[in-house]
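Protein chains: 4
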Amino acid sequence: MTDPTAAHVTRFRVRYSETDQMHSYHHSRVLEWFGCGRTELIRSRGMTYREMESRGVMLPVTLAHIEYTGKAEYDDELEMAVRASMPSRARLRFDVEIRRVDTGQAVCTGHTIHAVTNREGRPIRPPSWLVELMRETH
Amino acid sequence: MTDPTAAHVTRFRVRYSETDQMHSYHHSRVLEWFGCGRTELIRSRGMTYREMESRGVMLPVTLAHIEYTGKAEYDDELEMAVRASMPSRARLRFDVEIRRVDTGQAVCTGHTIHAVTNREGRPIRPPSWLVELMRETH
Amino acid sequence: MTDPTAAHVTRFRVRYSETDQMHSYHHSRVLEWFGCGRTELIRSRGMTYREMESRGVMLPVTLAHIEYTGKAEYDDELEMAVRASMPSRARLRFDVEIRRVDTGQAVCTGHTIHAVTNREGRPIRPPSWLVELMRETH
Amino acid sequence: MTDPTAAHVTRFRVRYSETDQMHSYHHSRVLEWFGCGRTELIRSRGMTYREMESRGVMLPVTLAHIEYTGKAEYDDELEMAVRASMPSRARLRFDVEIRRVDTGQAVCTGHTIHAVTNREGRPIRPPSWLVELMRETH
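Residue numbers (the working numbering), protein chains in the order written: chain A, 5 to 142; chain B, 5 to 142; chain C, 5 to 142; chain D, 5 to 142.
Just so you know, these hints were derived from the structure itself, not from any lab.
Do not rely on the hints blindly, as some may be mistaken.
Per the computed footprint, the stretches of chain D lying under chain A, defined by three or more beta-carbons under 8 Å from a beta-carbon of chain A, are [to be verified]:
(1) 10-21
(2) 33-42
(3) 48-62
From the three backbone atoms N, C-alpha and C, an ideal C-beta is built for every residue, glycine too.
Kindly generate the complete structure, drawing on both the sequences and the hints.
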């Protein structure tokens, strides 16, 4: 039996352009990485976020929460685990954990909440295929 | 009597490079803006964050929380109000609200929590001038 | 007699998020700054690039060339001078020079070339108001 | 016989955060990608740029030149080919070409020139292992 809350895992390296003068990654970049994690989780479930937008289903971020728990330097390989859920009928949530591959040390953890809207930014009822995608067992 | 929690206000415009294909600002950019807001608040209190770092006092972000409440497009002029506080002896907090200058509409609101460390990233006791700066009445 | 090639000058500070671990600004950020310079030059001539896009006139960058001539650190105040020209009927060019305000030291110099297209990315003949704006004497 | 000027090839996808309201990638991001390309080319030759910096050998960018030849949208898979050379004793050059994987269409092409300096930013004579790395036949 597979875990319905199974995380999708992707790996990437910290870019030089993502460092700042404190010698770790700049904390704003985490939100770019979270976006990559969502992109790959959705792809792993047989859809793409690109296709979703072309169907007129947008997922703008309404809330972001991040706890920074460890450093990560340029070229460090990181592992990002993303989980999807629907806290309510109209809200999507993605939980993310990022660790260093070499030491397993936590780098940061957080989540984003998303509305479901049409191209004009008006809330819409999530289509059934989206609900399915978010709840799907893997 | 002045308000000890008075906000420092700065204005800026959304850069073209900060937009994304949803036609608003990319949500990660808010954390760059918050950083500009802290920089200017500290300057307005007679210190600079640059000088703080050169004294070996670093303020790495340990938590960020953002609620996105409205759109802002390329070239929109925004007003950012920042407030400083010390929720505990070893933690700094900056609360930020961003609005559109033309309509007054809220764009986003959030806060960051910061540790106080030396150059090696070890927590240090906040020097008295920093405590003073954070509590100062304006 | 005013100089028809007069530069428009804007000032800004290097953001913390724009530094990298070499302690200067990351070299990619210069292209964001150039964009801000173009935005302000166009505004200074009574138009906005935002309005141009809403009229269906887009100026995608087709070439960028940058020479990095000096360092600039976090919080350094910089002065950016931008000049506009039309090297051909269908091409716009913006030349940019960035200096430190305190020392006058050169930071970088460069230019971008732009096509003039409609919303679909097809080249169009630059409307007369655009030609006027680019050649206007100030 | 292998080609001494053989390119190192890496693949990546355009991030959502890298798009702008023109629906392609923002042109400044190319310089971040070029940096990733250099990182991977150096790794493929048995060294890392991170190790180089820890030995006190820095390669700051002194010139960047980019020609934008095609669009690339969010989630498009791109292929980046990087070539290394030494145009003079004291200068390194990396040439880069980026194409879309699906259509093979060119996205952009360009190069960066780098000085070789110590940690303080003073030019140094490139160590022999660096000259070897740049000329190495693969």
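Status of each hint after checking the structure:
no. : hint  : result
1   : 10-21 : holds (count 4)
2   : 33-42 : holds (count 4)
3   : 48-62 : holds (count 3)
Checked against the numbered hints given earlier, this structure breaks none of them.
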